[in-house]
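**Student:** Using the hints, put the two standalone chains together into the complex.
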Amino acid sequence: MKRRKFLLLTGLASGSILIPPTLYFVSPGVKQFAALLIEREFKYLKLEPGSVAHYVDDYFAAGGNHIMTNLRWKTMYYLNMNWEDSNLIFELIRTFLLSSDFFIHKTDETRIVRYIGLYNPYKSPVPNPFSYLLYPPDEIGEP
Amino acid sequence: MKNSHYDLIVVGTGFASSFFLKKYLSKVKSDQKVLVLERGHFYPHAERLKVKKGEHSDFQKYEAPWEEAIVNMNTKKRWPFTTGYGGCSNCWWGCTPRFMPSDFKMKSLFGIGEDWPVDYDDLDPYYYEAEELMSISGPEGTPFPRKGKYPLPPHEFSIVDKILHKTYGNQYISQPTARASRAANGRNRCMTSSTCDICPVNAKFTLENANLGVYEDKRVELVYGAQVYSLEVQNDVVNKVLYQLDGKEYQASGEVVALGANPFFNTNILLNAGDKNPLTGRGFGEQLGMQVLIYLDGMKNVGGSTWVNANGYMLYDGAHRKDFAACLMEVNNAPYYIRMERGKWLNIASFRLLFEDLPLYNNYITTSANKLIPEVHFTERSSYTMKAIDNMKKTLPGILSCLPVEKLKYLEPFPNEGHIIGGTRMSKDPKLGVVDQHLIHHQYRNLFVLGAGGFTTFSASNPTLTLSALSLYAADQAF
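Residue numbers (our numbering), protein chains in the order written: chain B, 34 to 176; chain G, 435 to 913.
The following block holds chain G by itself, in its conformation from the complex (with noise of 0.2 Å):
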């Protein structure tokens, strides 16, 4: 560290970090000091595509398997995600559907859960800056309110997405996402591998390529190899943040602190810190994910452009959300569902449907034996998503109608979707969750927890937009 105390002091350098940061620079001044504490290190996509290759990589080395950060009590039940610079922006997969309005008030709309002190409204702006940030391609006409072009064109749709498009119009449409439909600052156009992972040729938005300018700004300093642990508080006031490097302990001193590390990790910090807040690392999960496989008689489903081409809303919003949850369709353009039968090699169609879950109080983060592992207790489902999927496979039939369907042959539900959801959530009521509206802890005004963690439900959509968007909008009304 080069200095005894810091204006701010962050915890990750993922979305919710980065976003936050982007926000606090442009409007503090030119002699505050930033120091961000990054768990792991910074491990180039160059790098990790020579990996892939199969060739050496002395970065290699600064591969974290997430299995050893978190002690998993269920472990059918995965939860992968990637530490280091970037945080998950290097192993995510680029899907940035907007909420939807009603995501934000499911208990006044629906009874379920608890309103948002926040909604679409007030994201709105945040929304679009994040679009901006990120080079979002999609298309104009979306199911949630939205004006104007995105910054890039949609991807092609294919011959199905055509259809189905022609039937529901708005209720389906071409996925916004951050894999780029055209090369754009740096990033190359998608090239429709289905491999997004670590994107073959860079066209996915990440924090390596995303020219935000946080970390090179003269104002942060930013010190890699930093685990997080705990916070010191002294009458509900943070005033250090405690942490490890290379197996010696550290305290930095900060103004204000915030926390962008993952759910599993803010949890840890807090519940490590003293806080007694009976829903810290409460009520966490992600949706659920399935896939079914569309069988078509004689047509080729050809002419997609990306790993989820289109979104389909048809079992999304509705009166419904009373008894069962929102279902959001991914429809994949895999290269590995082929068919095998002769002339029939292309003659189907994949969908990911995603459906919500709610943050159930059985599901929870907590600290481990060794102060650095969060312990992670994922035990169930609720009914409201089960009785989705019920009904999906009663309706789906009838919303593909307008296809040439064989036969649909539903995949057993994924074990993972990579969304780490809840454990701090937001709520006007300080009985009610964990931070506030603006992402400020409701005992510790000086501390933020930023992420998905903050999600007051979770929606059925991607968790990546609107958490970046979230961090934009807390620190613009912070600072």
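Isolated chain B (complex conformation) (with noise of 0.2 Å):
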């Protein structure tokens, strides 16, 4: 069976899964996973120590913290699941792109990434990372 099918038939990709009870009990706290499939995804870049645990806690504390939610990272992470696989993954990492400056500083890899407040227009600094804000008219130039 492929594995894509194999995740639908589960229903990990739509996240209504039954999850072995063991899963959940052997395992260390449900954050530290999602925290392992944020440095997965982005072992390339250069992620603040201490950086990723903190926007794990925000992103929790501001909701979705419920406990099916908690034992799909788990078993997300087991399975070596990335964002193609699950909307949840998805979810995540791009709340952390948005909460971090690595769009200030133009995606630029070599750079050290910094969580800088969970991404909300109303709270935190972080533009539109498509805005003339970062990228202006000068800049882009004309086609």
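Keeping only pairs whose Cα atoms sit at most 30 Å apart, straight-line, the calculated DSS-like set for lysine-lysine is:
{"no.": "1", "chain 1": "G", "residue 1": "K778", "chain 2": "B", "residue 2": "K79"}
{"no.": "2", "chain 1": "B", "residue 1": "K139", "chain 2": "G", "residue 2": "K600"}
{"no.": "3", "chain 1": "G", "residue 1": "K596", "chain 2": "B", "residue 2": "K139"}
Calculated from the structure, these hints are not laboratory results.
**Tutor:** Okay, here's the thing in structure tokens:
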């Protein structure tokens, strides 16, 4: 059975799976798996030590920190899933990038990526990554 | 109420009511008495911001979920709206393109629906006036006839916008919008957050920041918490407006009445008043919107400015409208459509495609067992609309061939566009509609029924500017 088909059948792609209890009870803290997923996805970036853990704390505190969601993070980590397999992972890592200074530094992979506050247009200082505020007209030029 | 009788009673404080009042007050004498009955309350933008930031606001008690204000018989179809001072100006996203001239002549040009009893030229001066009052940002050179500059300059193009504008000229423009491109009239410059329902920096036009001077006018008495549900009619003349306030029954007497609530409530009021027009409440709906994600090969789509950065008209007008619907492209500049592949984070554009729909008889609004709550039946989309989606999927790759497109991904249609259109449609012939070209009820000649409910056909364009211009037009012609 192909992996994608397995995920669909088990419901992981849509987030409706029954997870073996042992997987939950023998695993370390659930947030740790979310952090591990982020570090695995962005292994090519220089993530500031502590930034991911801080982000994950804020991310889970802001919502989605119920038991089924937590169980999924562990399962997804152990199944070696990535953002293409799961909307939950996609949301987690997308929000991490938006909550960091990665786009402020114009996606420069050589710079250290710091978490600067959970992405929220009403509170955080992170601008729209596509915006002219980061890429002014004289910089993008004419086609 | 301060008076026993009023020259004008207006229901609602949204766009339709406020622009109608703006023109009315500019034309009538200083001794006129106007009563405005608002279902909700004043909930200031600053307090809404507090709630968005997770802080407490005493005004939060005034949040009124739209789901509780109507009986929605099809819960898969959503109809979000805001009640309270300023109505949907509190939650709209500020898109203000004009309609195309053809939108008013669907029957004579394409054999579809009915022609409006007004046309583009009738509304043209009122479009200018509404654009001025809202300090619209927009470009010179539009697909619809318009001379001169908008009150504010256009928003910045992204690189993708620049390529498409270079290819299609005036068929692809910076969107005319009520999201300010420059600080003006007490509003800040749009900071591109693409979170416009409650603008984080108060850049979007709302009735609260409008400075229209309407509700401060000494001739106007504004009553909050007044839920209008019916009219007292004698010999086809509306004498009184019936409403509840704090659970008690009230009646207000007036010479002229203007219903400026949304089509759900306007219809409910008319039907409760005994309106027997078979078209009252019938044929309401809205555009169908769906998103296409455009994955770009080696191109960052950067430099854009605001939520809807541009409008594309390449699928809008033409002989095809005999067979299938117009489509307006809204080019989004939303932060949430980033990619996750290494090095490709910003190599994406996202277009929301708005397809016009038709006023179908089986989509209707009626009363419920509760006189305050309308019942909403939306059962079908037209084949005219669905055929346009099929055509779009065939032609869009060619239209976008000037871009380095890697792939296109179509998302499922959205459950709502935030536009409630029709239900009290305009017509020249009383048999074909509910109100005339001045938004006056065909039967009750001292009753205006304002707003997008009066649209004869839907257009693919966002309705707010047009319904605001119609209110200015109606008041100017009638008083």
